[in-house]
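Colleague: From first to last, the protein sequence lines stand for chains W and Z. Residue numbering for the first sequence follows our numbering, starting at 6 and increasing by one per position. Residue numbering for the second sequence follows our numbering, starting at 6 and increasing by one per position.
Among these hints, one or two may not hold up.
Note: identical chains are not told apart, hence a pair may lie in one copy or across any two.
To be verified - Lysine to aspartate or glutamate pairs mimicking EDC-like chemistry, simulated, CA-CA at most 16 Å apart:
no., residue 1, residue 2
1, K463, E203
2, K377, E319
3, K295, D113
4, K350, E313
5, K278, E163
What the hints contain is simulated information worked out from the structure, not anything from laboratory work.
There are 2 protein chains.
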Amino acid sequence: MERTVTVGSLIALYRAEGIEPVLNLGDVVISGWVRTNRPSGQLAFLELHDGTHFLSLQLVYTKENQGFDMMSRLKTGAAIVAHGTLRASPSDKQPFELAVKSIELVGDVAEDYPLQKKRASFEFLREQAYLRPRANTFQAVYRVRSVLAHAIHSFFQERGFVYVHTPIITGNDAEGAGQLFRVATEGKDPFTDFFGKEAHLTVSGQLHGEAFALAFKDIYTFGPTFRAEHSNTPRHASEFWMIEPEMAFCDLKGDMEIIEASLKHAIKTVLEKCPDEIAFFDKFIAQGLKEKLEHVLNSPFRHMTYTEAIAALEKAVKEGVSFENKDIFWGMDLQSEHERYLCEKIALGPLFLTDYPKEIKAFYMKENPDGKTVAAVDLLVPGEGELVGGSQREDNPEKLKAKMGSLKDMDWYWNLRRYGGCPHAGFGIGFDRLLMYVTGMQNIRDVQLFPRTSNALKY
Amino acid sequence: MERTVTVGSLIALYRAEGIEPVLNLGDVVISGWVRTNRPSGQLAFLELHDGTHFLSLQLVYTKENQGFDMMSRLKTGAAIVAHGTLRASPSDKQPFELAVKSIELVGDVAEDYPLQKKRASFEFLREQAYLRPRANTFQAVYRVRSVLAHAIHSFFQERGFVYVHTPIITGNDAEGAGQLFRVATEGKDPFTDFFGKEAHLTVSGQLHGEAFALAFKDIYTFGPTFRAEHSNTPRHASEFWMIEPEMAFCDLKGDMEIIEASLKHAIKTVLEKCPDEIAFFDKFIAQGLKEKLEHVLNSPFRHMTYTEAIAALEKAVKEGVSFENKDIFWGMDLQSEHERYLCEKIALGPLFLTDYPKEIKAFYMKENPDGKTVAAVDLLVPGEGELVGGSQREDNPEKLKAKMGSLKDMDWYWNLRRYGGCPHAGFGIGFDRLLMYVTGMQNIRDVQLFPRTSNALKY
């Protein structure tokens with residue numbers, strides 16, 4: 006009786022219990038795709054990848070095998086089913102290998118297969134977005150993506166946060182966070198026919214999330230958000246996933262505690278569950294990545310107010326630090342270079358920057374007693390800049406109304422303050438940017454599956 | 006030193022370790038919202054709900070309390086912070102209650118608060134979508150929604166499935182599953198300006214998911230999908246979440262095994278984690294719900310081919326069963342009444358219906374050797390009809406090409422069969438419909454947060 010195995014199940018067994026149980030499996034069958042196939046004289050080595058683990062399994066077959074000729078013609082990318090027994094490998098590249106009894110070709114590869122070359126550039130692979138998950142780097146990226154997403158779900162679920170699906174199509178444009186996509190149908194009045202009013206794709210689930218926090222205390226969203234911006238940068242996409250937790254009876258201090266704890270949990274989980282992927286990134290994508298992530302885990306995040314940051318930047322300019330923008334003044338919007346200086350040169354690690362001037366922050370943020378700043382926070386991280394943005398929300402109905410101006414369709418949001426409102430706070434993590442930070446990948450197009458940017462909608 | 010507690014933490018402690026540890030907590034502080042407040046003579050009872058559990062905590066205060074007058078004026082919906090000690094309750098409605106030392110009013114309730122009445126109709130509450138999560142039924146619905154979502158994630162993650170975020174904005178309309186929403190921007194050519202081509206909201210992540218299954222073996226999506234249909238029924242919405250697993254080296258039999266296992270895991274988790282919510286639904290929403298769910302858990306799902314189903318329906322008509330549509334013939338599309346008859350009267354439980362005529366199923370489904378049917382499956386459940394739809398996918402390039410017709414922008418999907426294709430299969434679960442099934446709620450508008458249907462885009 007053959008046992009069906011996967012590379013993932015074999016490596017898990019080996020790492021948990023050593024090689025003996027692997028060698029005792031008897032006859033096994035495994036299916037997957039050919040990575041490389043090197044027949045040479047009597048002995049031939051075929052690297053089988055099945056997608057269940059970052060690593061591959063070495064298959065060994067010989068002239069003695071019936072079907073040796075067919076086997077030796079198997080091409081990179083071909084789908085096969087292999088039968089055999091596991092044995093200790095003489096090479097120290099892997100602990101065990103499969104001694105092949107037979108191989109069945111399930112799906113051949115056409116001559117024009119684009120992934121023939123061993124090392125294709127990221128730019129080339131972007132054009133092959135439907136095939137690139139087969140490439141080493143993207144096997145690692147997308148597996149970490151999955152593990153990271155689940156780590157975030159588990160963190161919040163274990164703490165009793167309620168996962169809410171805030172709407173994607175929305176009638177509000179109140180957050181004012183950039184350009185909106187419009188939703189339309191066919192017909193005479195494509196923009197209003199269906200819903201009876203203009204509809205857009207959401208830029209944030211926060212406002213709807215607040216309504217649920219005021220019923221469930223702690224909630225979080227995890228879903229797609231959209232920006233119709235023509236920003237052609239390595240950090241911007243038109244469609245990206247966000248996590249937006251919101252906590253009732255919570256102030257900015259509590260907000261920062263959850264930000265720090267959730268990020269540390271997420272990073273810890275990835276380090277534990279994806280050691281091979283992180284080692285790969287550390288070696289080939291971003292040297293020092295593992296140390297950076299471990300440093301984040303082991304140090305408390307530092308805190309600084311915006312006002313302190315401005316003073317530090319003014320001092321830096323005086324001391325000759327050459328920012329592109331040296332015009333530092335209280336009230337300015339910090340540029341990425343300033344944010345990076347603050348966390349990389351001063352905090353030497355993740356830094357919470359708090360209490361920004363109210364003029365440069367959103368209307369829903371709670372005004373501080375000084376009347377000039379709001380209880381906002383950005384988390385800045387080395388190499389990246391802003392990773393998380395959050396705030397305590399304005400819970401005073403009069404102050405909120407003054408800042409909202411016309412309530413338009415937003416009276417419900419205002420009413421939340423009149424119907425048992427309370428101090429509440431929340432934050433947003435751009436999931437794709439977090440994944441860039443955790444993997445060291447430098448372009449958001451290379452951590453998303455099928456990235457959408459202006460003039461890019463292949464697939 | 007006061008300890009901060011929640012209703013959820015207290016009930017968890019009580020159920021795990023009994024009442025003693027609860028009574029030994031000493032001084033505690035708890036925040037939440039007033040559900041009811043009944044001052045009567047010397048003794049007054051205030052029901053505090055904090056959203057962390059389906060149940061509430063009874064607060065008891067007396068004339069002896071400083072601030073008794075303020076406390077007795079607290080209104081339904083007000084946000085409060087209460088201090089006191091926990092003691093055994095003399096009533097058998099709850100095991101413990103809070104003897105109040107003081108209460109702080111954090112957020113009052115305006116006179117026009119719409120949730121004054123104890124029992125508001127679902128229709129009324131739909132109009133108050135931002136407040137209804139505070140009502141009992143919706144506390145239960147949305148908590149089960151969150152638990153159910155996480156149960157699904159956990160099931161697939163524990164089995165090594167990779168979670169993939171397939172795109173929301175898409176250039177393909179190949180699935181042809183109903184009407185599409187268009188994505189536009191402002192400007193001269195709103196439908197093509199941004200992406201350089203027409204863009205739509207996705208109806209399914211399956212096709213993109215297949216590309217990832219052929220790299221990772223087992224993957225699943227969990228995200229929003231859209232239909233621009235004016236179906237004004239209790240089961241249709243324009244925006245809803247779907248789970249779409251896809252498995253390489255898997256046939257229809259393997260597909261059905263995963264469907265059955267994943268649904269049973271999801272239902273089991275909800276029964277274990279939400280006993281109070283399920284008891285509530287069983288009592289007030291759908292009598293017999295708990296028994297129904299336990300029955301599903303404990304019985305193997307039955308199997309029947311479409312051809313067998315037609316024979317069974319013909320027999321039923323002969324025997325006098327009065328369907329609205331009695332014109333039963335091989336090749337017809339089954340109506341909901343037929344589907345329900347098959348699972349409710351014949352299978353007496355969940356039923357896999359397989360091998361449908363190819364003419365009534367999608368182009369990507371694998372043709373069976375008979376040349377007439379495809380390896381498709383629908384899971385039918387009592388009371389609901391179709392809950393899951395799946396199939397093995399056509400992996401023969403020539404057969405697929407013949408059915409796809411013009412490849413348009415879909416050559417990549419076809420290429421998946423030419424570049425190491427293999428037998429693969431998958432399915433789709435409508436998450437909102439699954440939630441209806443698990444809670445017994447009868448209208449999709451009452452299990453979604455802010456439902457979007459034609460002419461409905463409030464909030």
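Colleague: 16 Å Cα cut-off: does K295 pair with D113 within a copy, between copies, both or neither?
Modeller: Answer is neither; intra-copy 38 Å and inter-copy 50 Å both fail.
Colleague: Please sort K463 with E203 into within, between, both or neither, judging by C-alpha distance up to 16 Å.
Modeller: between (27 Å within a copy, 11 Å between copies)
Colleague: My question is about K350 and E313: at a cut-off of 16 Å on alpha-carbon distance, are they close within one copy, between copies, both, or neither?
Modeller: within (15 Å within a copy, 73 Å between copies)
Colleague: Tell me, please, which holds for K377 and E319 at an alpha-carbon limit of 16 Å: within, between, both or neither?
Modeller: neither (20 Å within a copy, 77 Å between copies)
Colleague: For K278 and E163, with the copy left unspecified, which applies at a CA distance of at most 16 Å: within, between, both, or neither?
Modeller: Result: close only across copies, 12 Å inter versus 18 Å intra.
Going down the numbered hints, you'll see the structure goes against 2, 3, while the others check out.
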